[in-house]
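*Asks:* We have chain A already, so just place chain B on it with the hints.
Listed below are the residues making up each chain.
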Amino acid sequence: MMTEQGQVLSALLEGKFICQVSDEMSWRFLKANGNAAQLEPHLNLLNRTLSTTAEGDVFFASYLTIGEAERKILIQQFQETTSYLVPLVEWLLLVQQANESDMPVTMGNAIRLNELLTTIEDTPAYTEQLEKISRYKIFGSASVSADGQLKQVFKRLCDLGYLIKPNPDKQIYLATGRVEHLYEMIRFIDETEALSLAEQADAAIQQGSLI
Amino acid sequence: MSQVLLQAGSRLLNALGRHSDLIMQAYINGSVSAREYSPKVLEQLVQLGVLWRPEAQSDLRLKSAVRTLLEGSLQDERNRNINTNIGAAIASLKTLTEHYKEALQHQRYNDATAYMSDLTEHTYQLSETLSNSVRVMFSRINNEFGYVSSVEAKIRENELAQEQVTDLLGQLECFRFDELSELAGSNRELRHLLVVSLQQRFSLAAQELSVVQARLLDLLGRFREFRGRTRLLKGFLLHMEQHPDFTPGNYPNLTQVPVLFNQSRSVIKPAASNVNNVEHEADYHAIVGALNYVHKQHKAPEEQVESQEINVTEQASVTLEKDPLHQAVEAYFVDVIDSGQAKTALEYYHEHELSFDPEVWIYQVIGGYQGLDDEDKQYFALDAQGKNDTRFTGNFYINDVTLGLR
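From first to last, the protein sequence lines stand for chains A and B.
Per the working numbering: the first sequence ends with 211, consecutive numbering throughout.
Per the working numbering: the second sequence ends with 1406, consecutive numbering throughout.
Keep in mind that the hints were calculated from the coordinates and are not lab data.
Where hints are given, some of them may not hold.
Calculated cross-link-like contacts (lysine-lysine; reagent style DSBU-like; alpha-carbon spacing at most 35 Å) [what the hints assert, rightly or not]: (1) 1269(B) to 151(A); (2) 1234(B) to 132(A); (3) 137(A) to 1269(B); (4) 170(A) to 31(A); (5) 151(A) to 1234(B); (6) 170(A) to 1269(B); (7) 1269(B) to 165(A); (8) 1234(B) to 72(A); (9) 170(A) to 1234(B); (10) 1269(B) to 16(A); (11) 1234(B) to 16(A); (12) 1234(B) to 137(A); (13) 1234(B) to 165(A); (14) 31(A) to 1234(B); (15) 1269(B) to 1322(B); (16) 1234(B) to 155(A); (17) 1269(B) to 31(A); (18) 155(A) to 1269(B); (19) 137(A) to 151(A); (20) 72(A) to 1269(B).
A quick note: this is a predicted structure, and the numbers were derived from the prediction, not measured.
For reference, chain A alone in the conformation it holds in the complex (with noise of 0.2 Å):
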């Protein structure tokens, strides 16, 4: 058996990202007074750091020091995370709008992939938008029904730790801190390229009334 301490290290390790929802043990640990502290030179042991993101609700491991090696590794991560954002978007957004609360997917969300199921089929403007997401190579989805599309979407999402599902045999899905953690990459890129994506958004909405 493993101490509580040694299973949080190695999920770090592991590369995974520790929130409330996916892994709420680790989280109440690493939150705990002093326990991140207690972590940290075994981390700093493999050049590793305990970094959170999303105000400190997520959890994850990040290099020390970054020499060659480590930039490559980085460097082909963010080409790879880049490439995926387009479809990612897409596909929150999406959720989104299926979903009649009008709610963004947040951390804990629960999505209800029949629910969902339903309005898509019923909407011919999200079928299509589902055709097109499911067809991006990050989900890669071959089916022509929009059940067996948005089921490898969902599947590719579980496998990237996007969404988790805590019953097996149920088809509902939990979003976990790595959606926050794709919220703040795009406010990121936002801030640092200077683009003012909310100003465009709201700039959009009010041509789109005038007209």
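*Replies:* Using the frame of chain A, we list chain B on its own:
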């Protein structure tokens, strides 16, 4: 008088009961269509004050008193209006108190009792209004304004609710307990009504409203955050549409890599098993026991063996050398057949000067006889010669066997 009132009241309630489906229809749809119900019934309900016609052309609607009753009893969340007119209620309380005190002074006890019951009614009504308003606020917060779908609408609803809370809090300031307590003077009943009961309700309402206000601000913050996120996502997609070749800067190439993009790779791989560890023996056994199945599952696809030329030339024949003992036994059998005479095994043994152990020879002969097919066995007869044990019955020592033809 009270008898008449009783009758009228029960007539009204009966009418409500009789036409309950019509009334619920009006409650849910907002109005009654005159075509679906008989004009007589509608007329009766109008006279009883259950329905009314706001304008000559419009449909019949429920009176607000009935609607309020239903909303209150059904805990319907659609009930969104909040009666903030506390100042007026307090003013009427004060007036009634004055009436009551005057009646007491002039010793008109009947009037005083009537005023008192009126006053009690008004006071409790005021408390009820207060608690009802707070309840409505809470029910709206609890389902996060679930009755409107878009985030924008939720934000507007939230702003409305905040205004109402502010209003309510402003109205609560109308309570001046020093005035009320002065008014109540030393009258015990008045003090109880105006000071104790109202004060309790007042402090409760004030407390709950402050909670409501905090929660509303909290929710507003969350809704704004949602709106911000939605805009961010939409803006991003829009930007990508307008600038398809947009790629963000290569942040990992910066000297200071932002934490967001500094994510270490997995370093832990599964450990290997140590078969020398005695402690794990039981586990390994279990694993190996389960392995059989796994093995079948993971069978690698058989490689296609390319057909080879078949060599059809004669293969070197292989002769199997028989055991000499066996051969000797066979020779003995053949000898018996040839001569047609019975011969004991030991006789043959001595004749041919065989080199085996005599006991082994006899065993082999018995074995050879038993090993024959049933058909072959019929031609031979095997007799054992020997003697019984001197001491124990049932033990027979074989010295020799005689093999003959039948």
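*Asks:* Take the hints in turn and mark each one as holding or not.
*Replies:* Hints and how they fare:
1. 1269(B) to 151(A): Distance ~29 Å between residue 1269(B) and residue 151(A) Cα, so the pair holds.
2. 1234(B) to 132(A): holds, 17 Å
3. 137(A) to 1269(B): holds, 27 Å
4. 170(A) to 31(A): holds, 30 Å
5. 151(A) to 1234(B): holds, 24 Å
6. 170(A) to 1269(B): holds, 31 Å
7. 1269(B) to 165(A): Holds, at roughly 24 Å.
8. 1234(B) to 72(A): holds, 32 Å
9. 170(A) to 1234(B): Cα-Cα ~31 Å, so holds.
10. 1269(B) to 16(A): Within the cut-off at roughly 14 Å; holds.
11. 1234(B) to 16(A): holds, 28 Å
12. 1234(B) to 137(A): holds, 21 Å
13. 1234(B) to 165(A): It holds: about 27 Å lies between the C-alpha atoms, which stays within 35 Å.
14. 31(A) to 1234(B): Answer holds: residue 31(A) to residue 1234(B) is near 33 Å, not above 35 Å.
15. 1269(B) to 1322(B): Violated - the C-alpha atoms of residue 1322(B) and residue 1269(B) are around 60 Å apart, more than 35 Å.
16. 1234(B) to 155(A): holds, 24 Å
17. 1269(B) to 31(A): holds, 27 Å
18. 155(A) to 1269(B): Distance of about 23 Å is within 35 Å: holds.
19. 137(A) to 151(A): Holds - the C-alpha atoms of residue 151(A) and residue 137(A) are around 15 Å apart, at most 35 Å.
20. 72(A) to 1269(B): Holds: residue 72(A) and residue 1269(B) sit about 21 Å apart, inside 35 Å.
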